[in-house]
Amino acid sequence: MNFTEILCFIVLFLVLPILISGFIRNLKARLQNRIGSPLLQPLYNLYKLLQKSETISQDASPLFRIVPALNFSIMLILAVLVPWLPFHFSLPGSEIFLVLYLFAAMRFFSIIAALDTGSPFSAFGASREATLSALTEPAIILSLVALGIAYRTSDLNEIFSFSQSHGLMQVSIWLLSGAGLFLASLVELSRMPIDDPTTHLELTMVHEAMVIENSGPNLALIELAYNLRLVVYYGLSAQCFMHALAVLFTIDHATYVLLSILAIFILAFLTAAIESFAVKLAWRNNPEFIAYALTMSLLASLAAIFQSAFASLSLGNLGAFL
Amino acid sequence: MTPLEFLSIAAAVFAILMCGTGLLRFNLFLYSLQTFSIALATIAQSQQAKEPELYFVAIAIIVVKALAVPYFLSWISNRIDARSDPGILIPIPITMHAAIVLLGISYPLAKSLPHILWLSDSTVGATVAISLLFTGTLFMLTRRNALSQIIGFLTLENGIYLVAVTCTRGMPFIFEMGSLLDVLVAVMIAGLFVFRIKKSFEHIDVTQLDGLKES
Amino acid sequence: MIPVYKKLAINELANTIRADLEIEGNRVGLVTSIDGNQLITLMLNTRSGNTVLYQAELASDSYTSLTTTIPQLHWHERAIHDLFGLIPLGHPRLKPAIINESCETIFAPLRETAKPISDKLLATRDFEYLHISGEPIFELPVGPVHAGIIEPGHFMLSCLGEDVLNLEVRLGYLHRGIEKRITEIPWRKARFVAEAAASDTACANALAHALAIESLLAVEPSFRSQGLRTLALEIERLAMHIGDIAGMAYDLGYLVIAANFSRLRGTALRLAELLSGSRFLRGYICPGGVVHDPDRLLSEIQRTTKNLRENLKPALDFFISNPAVYERLRNTGKLSSSLASEFGMVGVVARACNIAYDCRQSFAQGSYPKNHPTIALQQEGDALARTLVRIAEINSSLDLIDTILSDLPSGTIGSNLPVDLPANAIGIGIVEAFRGELIHLVITDKAGSIKRYAIKDPSFNNWTGLAIAMRNNVIADFPICNKSFALSYSGHDL
Amino acid sequence: MHFSAPYPIYFGVAPLSLFLDPLAAIFVLLLLTVTMASAIFAPSYLRHLTGKINQSYFWINMILFIVGMLMVLLSANAVTFLVFWEIMSLSSAALVASDFSSHKAHKATIIYLGATRIATSLLAIGFLWYYSIFSSWNFVDWKLNSESLPAAILVALGLCIKAGIWPFHIWLPYAHPQAPAPVSALMSGVMIKVAIYAAIRLFVLPGSGSEELAYLFIALGMISALWGIVFALIQTDLKRLLAYSSVENIGLILASVGICLWAQKTGMKEIALISFVAALFHSINHGIFKSLLFLSTGAIDSAMHSREMKNLGGLSKKMPWTSFAFLVGAASACALPPLSGFASKWLIYQGFFTIPCQWHGKAMIGISLVSIGLLAFLGGLALACFTKAFAISFLGRPRSAAINHAKEASPSMLIAQLSLTLITVLMGLLSPQIISFFSLVYQSILVPEEAAISGFAKFVGPSLPLLPLAIVLTLLTCIIYYSVLFRKRKQLKLSMTWECGYGGLEPTMQATAGSFSHSIATIFAPILHYSTRFQISGKDRRHFPEQIQVETEISSLLESSIYSPIINSVRLLSGHFSKLQAGSIHLYLLYVFITLIALLTLGAKS
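Protein chains in written order, with the numbering used here: chain A, 677 to 998; chain B, 4 to 218; chain C, 25 to 518; chain D, 2 to 607.
Hints in this document: simulated from the structure, not taken from any laboratory. In this text the structure is predicted, and so the values were computed from the model without any measurement. Yeah, the Cβ is synthetic: ideal placement off N, Cα and C, and Gly gets one too. Be aware that one or more of the hints could be misleading.
In silico negatives: residues of chain B with every beta carbon more than 12 Å from chain C [said to hold, decoys possible]:
#  : residue
1  : L26
2  : L27
3  : P55
4  : E56
5  : F59
6  : N81
7  : A85
8  : P89
9  : L92
10 : H100
11 : A101
12 : A167
13 : L187
14 : L195
Far from chain C, some chain D residues (derived; all Cβ distances over 12 Å) [stated by the list, open to error]:
#  : residue
15 : E87
16 : S147
17 : E309
18 : M310
19 : S484
20 : I549
Quick list of the computed label-pair ranges, beta carbon to beta carbon [said to hold, decoys possible]:
#  : chain 1 : residue 1 : chain 2 : residue 2 : range
21 : C       : K394      : B       : W78       : 33 to 41 Å
22 : C       : F131      : B       : P94       : 29 to 37 Å
23 : C       : V169      : A       : S713      : 35 to 43 Å
24 : D       : S496      : C       : F131      : 26 to 34 Å
25 : B       : I93       : C       : Y153      : 34 to 42 Å
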């Protein structure tokens, strides 16, 4: 990795989280024929929140204030470990299970922080988060494992480097994994159709209900971590789609980088469109939506196994398989 | 992997996704996509096998099965106010995962098929064809709405067609057209039946049709 | 209209009401008191359009609760308790309804001042929830101030996980003393107070007030003004229903449709502005007629209606033909037909439960006798049924507006009213507001001034329905249930 | 490191024979660590049980129990094993019964005794069978081949009962909560691992592997894991929750053992190594963090005299150190990096993941894919389970008045907990080193190819940079906390939790244990038999219910539809048998006579 790439990474790392969430907000407004807030509104919000003083519940334990900082730092580490942009730090530890359990750690702490204040709203937010994440976890792991099987490694950096390409089967693995990740990330990020981030109704929310007791700089950290999580998830699925593209066409690196960023914006656009045109699911129907994410990842792993089967066919050990 | 196989895998995926929702209109949309990819697969096959009349078959499939039939069925579902299917036996998401397992199983099955015309690269096609048969049957098994039964049947029919396209070099043109016409007529008649059932029973729940055996 | 007036002994009252309710088409309109010395009960017959007013004198501050045998009176009795300090003995849910419990003692604003409140009434007014026992139950307080721009009301949901087992509605934050105020001002000014009872129902309230006063004075407004009044009422219904659908779409997360309907509500409100000069039709209807003839603007109104209809149709189709909307609303907030009639639901809620009651037919006035719309009925009683009823009513209102506009009788718009109200008279105005049956009851004293002015908003009946419909739904369905009932807080609290 | 010391003491057929190899040494180390912690913990813990249990009775049984376990781990032949196994089982049963007054303890002891009886008899039959095949009591002589497979399966079932594997786990959630906390820690932390140790010694160490046993272990293990965590999730008693969570973890360990057996059979050296280390490491980890959690629960119990979550809440302010220890234990149970639970769970994942990557074995690929998905799901459920356990007990507002009088546990109890906490953290941070040490153990016993070992070491090191990760994480957190939050501490306002303007929320207005897990429980309603029971009373129930009582019920499908019918029929049968025992001498003489004739005829035949 050369200096320009590191510079690009840092710039995108700083700019994209704000820009993407601003973009989604603005686009949603435009789809409703409103002018909408400026693209940098999330930044202004963060600035405002950082200036504010903070009110916390008298029932809260010290954990309550440590968790936002802790979660944000986990998120920073994750953003470096996960290859969500087409630049690769060859850092150790960028490993499927480690990365996913770091995400799980964030969830663990945010659930605990939500329950810390003893607020009934954050309580059911936490309960929902726990339920949904348990259902989504298999989908996320399996879509990454499918890629892992295809490349025979659990190292994400290796998976997302362009080591091999095997034609259309590879394309389908990438596409299905990308789709699985994207659908699962909609659940993970509590967006439509699971959770409506724009609604004012505290009763229907997941993420917003969990952080209902947080305020000021504390909330700013949570928002920032959320925005970062959003781009990391979207970036990862965008990378999946881009790899599918790269199997089909030869693209030079600069174009590839631009296209990757474009892909993230396209996913953001998709989110905005879903949030404008989709109807929020009833709570009991959420598993049906998550089932789609799981289906995509299962199909991806099936495709990966098929591909291995073909690879082994070409190696001549067909007998071992049949 | 050839484009034919890629497209047929897409068809299998759409068929499996179809199992995951009870919303009839979404089912029909996915069915339409599935048929569309099968039609494209036919075109790919026609190029590969140099059989130009398959072009016409593909176009006919698109017009009849991918557009007309779904449109007709969605019109009926609007008319009789049937929008979703609650499912029966097992929860709808599980049906979808079962369909994936069946897709996995169809691979060894396809390999063990006595090959009429053994092309090493059409194993995937045969796998998909078998999985479409499975998926269609599973769909019919686990749904209670009469319209879903028709959709399941059509999926099954797609599977049979795909066997014909991938495992043989396609049936004679006239048979294709004939069977296509049959499907169209069958759907029309089934649609009319659904109307009648709705009129005489006030519902189109096939699980409750066992009440008929009394008379 | 003038009700038939009957005097009863207090111990006969319950039996009489029950006997009356046995008869097809009879329902209880309103139970209240005049000055704390008696109970009056307004019975309505929805078939013949006749009304009966029973009056039963009270010997003391307490009486045997009617609720124990007639469940639908529980809210009325709570209101009487708040307003007059009368105690219904044996009432299963005696707690503040109209005046919030933060007024720690009963001050009974409508009570005859001469009569003091006995000491035992000065008990605490704590709002006792129905506590559900069991380890896993947790309670979720919501409100009174909500995150959206809505009126204050507090809800207590007792939940098991996501499932709501019980909903307690706690209102009374908006009590403004409207009923009291009307008796204190000259009757000619009263219409401004009356229509402020619920501002989104301003037109219906003004009309009910006008009808009540006119029935006292035995004045018949001109045909043209009757047509204009019906027009105004239908425009209000149209605008508010569109607004409710927009709210529903918003709660469903269907943002594009929500934005679209919100815009169309603006168009409907523009119709109101063209007709009356006020977007919410305030100050338009007065006893004796209407205040302003939109003669030149009628063609403009016609054009806007046509425009609105054209825009509305695709939006409505888009909304309701979406199977996801359909599925989301179906079986959400289900209210059984039997419970709905036992608790005396009115309006959209009742019609969604297959109860064919529409004041536009039962108590037709204005242009309704000539061309009343068919009653939009649904069977299921869920949020979907209520939405479908609203949509049917939007369409019928549009038709009605067109019909009225096409042959509006010519003539004057107002008539001269006598200076004084008759003494010891009773007048009622019953109007189908967009939420349902709205009743204004005027009783004058022997000097001919208003002694008691009672308003019964449709929400008054329907709040109970919301609490029942929420049972066994999930928490996340509460906003949708609430929106499908679309109840008024201020109309209830008065 | 081999050490063998046969003694000329005979148990009828075989000498008392002990030996210590690295494998046994690791388990002995676990035993000693947990024993140490429990011993430090016990004296002040027992103070709150004064009057309920007899101290000398407790200590005698405790020592017997520990010695029993130690000797089981050290025994070199089957007879020694069985003798000390019995001592271990019976003394632990006596410990479960230590609270004489409690009816629950009686029931738990009976169930536990029944389970251990069956386990011992299965083991005894299996061992005899083994002996008849190999004509030796020594474990080293026992091979795993097609001939000895039935015996192996019998032994495996016996061990599964002891380990609390589905469907034999029934005794575990009764016995563990009833025992005093130090004993639960030993039982859950070590005793059930002894069964795993025996499984490893008997089935893995022969080195030949077995597919049948592997499939049995994987199936039972994964089912136990799912079953255990689902049941753990809906418990409201902390100790029962922990007991069920042990079922989950032991299931994962067994599944790993299964993978190891499969890999040995099919010659996948690397996978065998990974899953062996995974099983071993997770046994040790689980031993430590589960003991820690049990001890912390014991500390709560001694402070509050209750383990029901409905009485707890807000304890973190009263018992900060205990709550810290519990938090670390819970995080480790959720396998959060960089704690020890993660490292071993990671290896379990890798065991499954490597199978499709190596592209070997048709059915196993499917199984491993499903298992990975299931593991992820289990991870999510464990997260829900332990966030619930920690947050409902320690966070929020007090749910009962007793909490206001709660005090931090005594120093000795804290030392016990915190030392285990420290071990958990250290084992996580040093996991690459520990893992390579464990792989050496495997090497020293089984001598696999060098290539597998070196490949494995290369693969673990960079993939698990937990120590640098922890350091970076801590630094980052401190920097962010200091720069964003700490600076503003002067502006910090304390206020009530948002209470809708009502002035103080009631204790019921916060998450309850039952509500938190309700959504997931309804998903699993079919296997949990989860149902909600309403009792509505009042004069006019239709319109104005006056009292609503809600209870959720779970009854395990296994208990209701398999075990109780069996127990009932046994009871019925034993009723019939009791008629045989009429008390008449003549009747007994008749039995003797019949037996004599029967034996003579049998003897004549052979």
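The hints, checked one at a time:
Residue placement check: L26 (chain B) does not keep its beta carbon more than 12 Å from all beta carbons of chain C (closest about 4 Å). Not every C-beta of chain C lies more than 12 Å from that of L27 (chain B), the closest at about 7 Å, which undercuts listing it as non-interface. With a closest Cβ-Cβ approach of about 41 Å to chain C, P55 (chain B) is found to remain outside the 12 Å limit, as its non-interface label requires. E56 (chain B), annotated as away from the interface, keeps every beta carbon of chain C farther than 12 Å; the closest lies near 39 Å.
Annotated as non-interface, F59 (chain B) keeps its C-beta farther than 12 Å from every C-beta of chain C; the closest such distance is 35 Å. Some Cβ of chain C comes within 12 Å of the Cβ of N81 (chain B); the nearest lies about 7 Å off, and the non-interface call is violated. Under the 12 Å C-beta cut-off, the non-interface status given to A85 (chain B) relative to chain C is violated; the minimum distance is some 10 Å. Distance check on P89 (chain B): its Cβ comes as close as 10 Å (rounded) to a Cβ of chain C, failing to clear the 12 Å threshold; non-interface status is violated.
The beta carbon of L92 (chain B) sits about 20 Å from the closest Cβ of chain C, which is more than 12 Å, so the claim that it is off the interface holds. Against chain C, the non-interface label of H100 (chain B) holds: every CB pair exceeds 12 Å, the least being about 21 Å. With a closest Cβ-Cβ approach of about 22 Å to chain C, A101 (chain B) is found to remain outside the 12 Å limit, as its non-interface label requires. At the 12 Å boundary, the C-beta of A167 (chain B) stays outside the reach of chain C, the nearest C-beta of that chain being 34 Å off.
Residue placement check: L187 (chain B) keeps its beta carbon more than 12 Å from all beta carbons of chain C (closest about 25 Å). Annotated as non-interface, L195 (chain B) keeps its C-beta farther than 12 Å from every C-beta of chain C; the closest such distance is 23 Å. Here E87 (chain D) stays apart from chain C, with its beta-carbon at least about 40 Å from theirs, past the 12 Å limit. The Cβ of S147 (chain D) lies farther than 12 Å from every Cβ of chain C, with a closest approach of about 51 Å, so its non-interface assignment holds.
Not every CB of chain C lies more than 12 Å from the CB of E309 (chain D), the least distance being 8 Å, so the non-interface label is violated. Taking the minimum C-beta to C-beta distance to chain C, about 9 Å, the non-interface status of M310 (chain D) is violated against the 12 Å cut. In this structure S484 (chain D) is separated from chain C by more than 12 Å, as the shortest Cβ-Cβ distance comes to about 31 Å. Separation of I549 (chain D) from chain C is inadequate, the least Cβ-Cβ distance of about 5 Å not exceeding the 12 Å criterion.
Checked against the given bound of 33 to 41 Å, the beta carbons of K394 (chain C) and W78 (chain B), roughly 38 Å apart, stay inside it. Between F131 (chain C) and P94 (chain B) the beta carbon distance is about 57 Å. The supplied range of 29 to 37 Å is therefore violated. Distance hint for V169 (chain C) and S713 (chain A): a CB-CB separation of about 25 Å, inconsistent with the stated range 35 to 43 Å. Against the hinted window of 26 to 34 Å, the Cβ-Cβ separation of S496 (chain D) and F131 (chain C) comes to about 32 Å, which satisfies the hint.
For the hinted restraint 34 to 42 Å between I93 (chain B) and Y153 (chain C), the CB-CB distance of approximately 41 Å keeps it satisfied.
Comparing the model with each numbered hint stated earlier shows that hints 1, 2, 6, 7, 8, 17, 18, 20, 22, 23 do not hold.
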